Amino acid sequence: MGSQGGFGQSKEFLDLVKSIGEARSKAEEDRIVLSEIDILKRKLLEPDVPKRKMKEYIIRLVYIEMLGPDASFGYIHAVKMTHDDNLLLKRTGYLAVTLFLNEDHDLIILIVNTIQKDLRSDNYLVVCAALNAICRLINEETIPAVLPQVVELLNHQKEAVRKKAIMALHRFHRKSPSSVSHLISNFRKRLCDNDPGVMGATLCPLFDLISEDVTSYKDLVSSFVSILKQVTERRLPKSYDYHQMPAPFIQIKLLKIMALLGSGDKNASEIMSMVLGDLFRKCDSSTNIGNAILYECIRCISCILPNPKLLEAAADAISKFLKSDSHNLKYMGIDGLGRLIKISPDIAEQHQLAVIDCLEDPDDTLKRKTFELLYKMTKSSNVEVIVDRMIDYMISINDNHYKTEIASRCVELAEQFAPSNQWFIQTMNKVFEHAGDLVNIKVAHNLMRLIAEGFGEDDDDADSKLRLSAVESYLQLISEPKLPSLFLQVISWVLGEYGTADGKYSASYISGKLCDVADAYSSDETVKGYAVSALMKIYAFEIASGRKVDVLPECQSLIEELLASHSTDLQQRAYELQALLALDSRAVETIIPLDASCEDIEVDKELSFLNGYIQQAIESGAQPYISERERSGMFETTDYHPQDHHEVPSHTLRFEAYELPKPSVPPQASTELVPVPEPSYYSESHQPISTSLVSERESSEIKLRLDGVKQKWGRPSYQPTTSASSTTQQAANGTTSHSDGGVGSSSSKPRSSYEPKKPEIDPEKQRLAASLFGGSSSSRTDKKSSGGQKPAKGTVNKPATVPKENPTPVQPPPDLLDLGEPMATTVSTMDPFKELEGLMDSSSQDGGSNDVMGLYSDAAPVTTTTSVDSLLSELSDSSKGNSRTYQSQTSKGPNTKEALEKDALVRQMGVNPTSQNPTLFKDLLG
Amino acid sequence: MGIRFILMVNKQGQTRLAQYYEWLTLEERRALEGEIVRKCLARNDQQCSFVEHRNYKIVYRRYASLFFMVGVDDDENELAILEFIHLLVETMDKHFGNVCELDIMFHLEKAHFMLEEMVMNGCIVETSKANILSSIQLMDKAH
Chain W
80 MGSQGGFGQS
90 KEFLDLVKSI
100 GEARSKAEED
110 RIVLSEIDIL
120 KRKLLEPDVP
130 KRKMKEYIIR
140 LVYIEMLGPD
150 ASFGYIHAVK
160 MTHDDNLLLK
170 RTGYLAVTLF
180 LNEDHDLIIL
190 IVNTIQKDLR
200 SDNYLVVCAA
210 LNAICRLINE
220 ETIPAVLPQV
230 VELLNHQKEA
240 VRKKAIMALH
250 RFHRKSPSSV
260 SHLISNFRKR
270 LCDNDPGVMG
280 ATLCPLFDLI
290 SEDVTSYKDL
300 VSSFVSILKQ
310 VTERRLPKSY
320 DYHQMPAPFI
330 QIKLLKIMAL
340 LGSGDKNASE
350 IMSMVLGDLF
360 RKCDSSTNIG
370 NAILYECIRC
380 ISCILPNPKL
390 LEAAADAISK
400 FLKSDSHNLK
410 YMGIDGLGRL
420 IKISPDIAEQ
430 HQLAVIDCLE
440 DPDDTLKRKT
450 FELLYKMTKS
460 SNVEVIVDRM
470 IDYMISINDN
480 HYKTEIASRC
490 VELAEQFAPS
500 NQWFIQTMNK
510 VFEHAGDLVN
520 IKVAHNLMRL
530 IAEGFGEDDD
540 DADSKLRLSA
550 VESYLQLISE
560 PKLPSLFLQV
570 ISWVLGEYGT
580 ADGKYSASYI
590 SGKLCDVADA
600 YSSDETVKGY
610 AVSALMKIYA
620 FEIASGRKVD
630 VLPECQSLIE
640 ELLASHSTDL
650 QQRAYELQAL
660 LALDSRAVET
670 IIPLDASCED
680 IEVDKELSFL
690 NGYIQQAIES
700 GAQPYISERE
710 RSGMFETTDY
720 HPQDHHEVPS
730 HTLRFEAYEL
740 PKPSVPPQAS
750 TELVPVPEPS
760 YYSESHQPIS
770 TSLVSERESS
780 EIKLRLDGVK
790 QKWGRPSYQP
800 TTSASSTTQQ
810 AANGTTSHSD
820 GGVGSSSSKP
830 RSSYEPKKPE
840 IDPEKQRLAA
850 SLFGGSSSSR
860 TDKKSSGGQK
870 PAKGTVNKPA
880 TVPKENPTPV
890 QPPPDLLDLG
900 EPMATTVSTM
910 DPFKELEGLM
920 DSSSQDGGSN
930 DVMGLYSDAA
940 PVTTTTSVDS
950 LLSELSDSSK
960 GNSRTYQSQT
970 SKGPNTKEAL
980 EKDALVRQMG
990 VNPTSQNPTL
1000 FKDLLG
Chain H
928 MGIRFILMVN
938 KQGQTRLAQY
948 YEWLTLEERR
958 ALEGEIVRKC
968 LARNDQQCSF
978 VEHRNYKIVY
988 RRYASLFFMV
998 GVDDDENELA
1008 ILEFIHLLVE
1018 TMDKHFGNVC
1028 ELDIMFHLEK
1038 AHFMLEEMVM
1048 NGCIVETSKA
1058 NILSSIQLMD
1068 KAH
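Protein chains in written order, with this note's numbering: chain W, 80 to 1005; chain H, 928 to 1070.
Same shape as in the complex, but just chain W (with noise of 0.2 Å):
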């Protein structure tokens, strides 16, 4: 055992990670680094270091960045150490460097000598450690300077050597693909060499070339084909064998490429189809990795066009993955599924219970596996549970990263899908609500113009229907504490522009409400100034009306403090709502008409109907236009630049909810929801209202400034433009997609209609089965009866799950291992290798020892062996050479010996395996 050779350390250094070994928090750590820094400060510094004790030092300096503080204060030592002769010194230091720098540190460019000569050493260890620092430490400036040694390297005698150059030659095309664009065909040639090392290595960037380019080495197809077919019939050296498997992992890798080159192509698919088929068959689906093969041939196959049969072999294999008690395989079983769906769609129904028991299981990673099936098969039909499902799922949790994504999804089916607009709109509510924070401001915009434009058909009466479930579910929600910015603002948008429209709610109940949103939220300038700008619109529609305006006293006084606020933006919505108020009816209604916007604005560019003032001003003595620059001057609004519209997002003037009109967004443009600010949507509400000063032929800038002026003052017509239809296209989604793929999305593929199979199985699960994978046909009856799913939901807490949520993480059963293995190893909670450590010296574990142990303290204190063989089984079987890696019950008496051993000389060296970390010593392979 080569190990027991190499405790050749000092005492110093073995001190030192038995103290690591043994701290037992965080903090003990610490202390025990930043000492470890003074001391190494001061070491590095001696004159005279003998070359081991320097190696050490290094290793101690990796250990201090390994656990936290930056130890670049020695990093210089490591680089030194390159330089050294000897070979184990020179590839510890290259080790360290390559751990301590990234590849544009300047003092790379002192190794890059080092590295030159290396790789012309005799030795060719030395040209490998000098490879591996190639394949860490070059950047695109340095690759020249070894270039021309690494492609000489590729025909080295040795195997070692070849196999790393040409991961060299990988890395830099990956760094700089045009550096080595004239030398691809070596990777070609590499793939015929004759050492399976390096044809396997080879295939790294193979991979990489063909995923960038597959029609060139479409010619490769049958070479792939045949080099999987000898890998599969074991003409590789046996020691690539891996649980009896012939060289797993380069069938993986070349299966992935095989998924690429066959990705479309019948005649690739073809040859193929064959060793596919093959691995089909041969593949032990009774260890990880012959399912590891078999996934990757599920893969595969959903990639190319494959034949019935394939699919068949390919189906059959999901549903044992999903079949398995291993949450593992059920995973990939899902994951399959989720690929498999797109070229066979009706392959998810015969899984459905077991696609919903993934989806109620309490593993997160699971859940969200399943949610990524559901999403590739939401259809109209089922965009109802599964929406809801998603929405209840992201309320649930905390992750921000993917409760992005997972509103994201659910906004995507929504839109896409939605089979009523009130639907839509109560999902948004949801969305909003829960993560209005974290969706991007356009699904807020696509919200707000929805409403506006309604079902996209000339039923008024259904718009004003919808206006009003709107309102009143805006009215219901507006009192919750802390609603995201962005729903407040689509909140006080929407009460604004309608919240009086219907005559149920008076002006005055509507705008005390906007104005505790104001209050509530008065950090908020956003939703402050929406806000205000919605309290104009009230106004404006009851002057408009000829009612008498009572300013409710609030209003009046957020009115008065906009007037003084260091916010340019809201003091002059504030001194508009003010001036507003002192107009007559008719003047309120040019500027605010009713139910506006959505009207199209045709706006004068050229203020034509200014001339005539004009020419009476001149007439009468006053100055002509003289130029653009001479007037940027006098009015504030001209030195608009684009960079104005970069800093919008902290302090944007708020106008954007005029802006609904603008609908060149295509549908999906909504779907990246990734929260980033928008500026051009900014860009466009970034106006004050003093437009009518600019004179606007000019700038770019400009002219989109008032674009969103005219959408805000609504005023007749604009042309419909295409994308103009495409809102409409969008808005009508709900009424119009019955028909499956209408939308045109991927996952909307028509399926047959299922009906509900073995009764024995809960109903409500069946039933949420039924709404989940349920054909076409009875999807039009579901569609507007949301509440037959919504018994579905209480299935989520079935009792059964119940138990596995809590269970005492503190007692890992004694196998962790194994994944394939179904579980039989419950039969002992104790953890075995505190039974082996009690086997070894129990004397050692003196009192203190309950502290990290008593996590186990439960376990009985008996000594078996049978525990521990069935922790060690799984290695022995392996290195025995026996085909079954799990069978347990294996005699491992040797192996309790060597751990005795090993114990007893780790003790002779000093590091008793005290208390505090007794688990230092277990086998980790049992």
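What the hints contain is simulated information worked out from the structure, not anything from laboratory work. Predicted model, so just to flag it, every value in this text is computed and none were measured. Any given hint might turn out to be false.
Stated by the list, open to error - Dumping the calculated DMTMM-like pairs for lysine to aspartate or glutamate here, alpha-carbon to alpha-carbon at most 25 Å:
1. H:Lys984 - W:Glu439
2. W:Lys402 - H:Glu1036
3. W:Lys446 - H:Glu1036
4. W:Lys132 - H:Glu949
5. H:Lys938 - W:Glu238
6. W:Lys122 - H:Glu1036
7. W:Lys254 - H:Glu962
8. H:Lys984 - W:Asp287
9. H:Lys1021 - W:Asp274
10. H:Lys938 - W:Asp94
11. H:Lys966 - W:Asp478
12. W:Lys237 - H:Glu1036
13. H:Lys1021 - W:Glu238
As the list claims (entries may be wrong) - FRET-style restraints, in silico, Cβ to Cβ:
14. H:Asn982 - W:Pro148: 18 to 28 Å
15. W:Asp683 - H:Asn982: 48 to 58 Å
16. W:Gly343 - H:Asp1001: 18 to 28 Å
17. H:Asp1000 - W:Lys561: 29 to 39 Å
18. H:Asn982 - W:Lys268: 33 to 43 Å
19. W:Pro256 - H:Ala1057: 15 to 25 Å
20. W:Leu186 - H:Ala1057: 33 to 43 Å
21. H:Arg965 - W:Lys561: 23 to 33 Å
All residues carry an ideal CB built from backbone N, CA and C; glycine is no exception.
Go by the hints and put chain H onto chain W.
Coordinates of chain H only, in the frame set by chain W:
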């Protein structure tokens, strides 16, 4: 690019080995390790050996007190990575004999050397234990 990092972390959350195949600053590494370890330690044995974290998928496997965690791209074959971990442990076991956490701590550089042979540029390049260990054995002999 396949594998983005390989971590060995013990049950107490202490890092025992860390190898990154894309550059992260020390602060980013600390943060990432902390988050991942918290996530993985909170899981039980019935659950999948896979966890999604930010843009990574973490495939992890526990051996005695030590967690092996491999961060991979989204389109990596998780089961294969799981077996890759086992291959790594078997390789270490072949070299050290009944490998334990302490072996890795005392021979940190050797554990790294093995990884250097097995993974380059984030790709699995060598899976023959004999090939992986040969250079280390040659170095051992020379000393």
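Structure-based check of each hint:
| no. | hint | in the structure |
| --- | --- | --- |
| 1 | H:Lys984 - W:Glu439 | holds (21 Å) |
| 2 | W:Lys402 - H:Glu1036 | violated (43 Å) |
| 3 | W:Lys446 - H:Glu1036 | violated (39 Å) |
| 4 | W:Lys132 - H:Glu949 | violated (30 Å) |
| 5 | H:Lys938 - W:Glu238 | violated (39 Å) |
| 6 | W:Lys122 - H:Glu1036 | holds (20 Å) |
| 7 | W:Lys254 - H:Glu962 | violated (30 Å) |
| 8 | H:Lys984 - W:Asp287 | holds (20 Å) |
| 9 | H:Lys1021 - W:Asp274 | holds (23 Å) |
| 10 | H:Lys938 - W:Asp94 | holds (21 Å) |
| 11 | H:Lys966 - W:Asp478 | holds (11 Å) |
| 12 | W:Lys237 - H:Glu1036 | holds (24 Å) |
| 13 | H:Lys1021 - W:Glu238 | holds (22 Å) |
| 14 | H:Asn982 - W:Pro148: 18 to 28 Å | holds (27 Å) |
| 15 | W:Asp683 - H:Asn982: 48 to 58 Å | holds (51 Å) |
| 16 | W:Gly343 - H:Asp1001: 18 to 28 Å | holds (22 Å) |
| 17 | H:Asp1000 - W:Lys561: 29 to 39 Å | holds (37 Å) |
| 18 | H:Asn982 - W:Lys268: 33 to 43 Å | holds (35 Å) |
| 19 | W:Pro256 - H:Ala1057: 15 to 25 Å | violated (34 Å) |
| 20 | W:Leu186 - H:Ala1057: 33 to 43 Å | holds (35 Å) |
| 21 | H:Arg965 - W:Lys561: 23 to 33 Å | holds (26 Å) |
Taken one by one, the earlier hints fail for this structure at numbers 2, 3, 4, 5, 7, 19, listed in ascending order.
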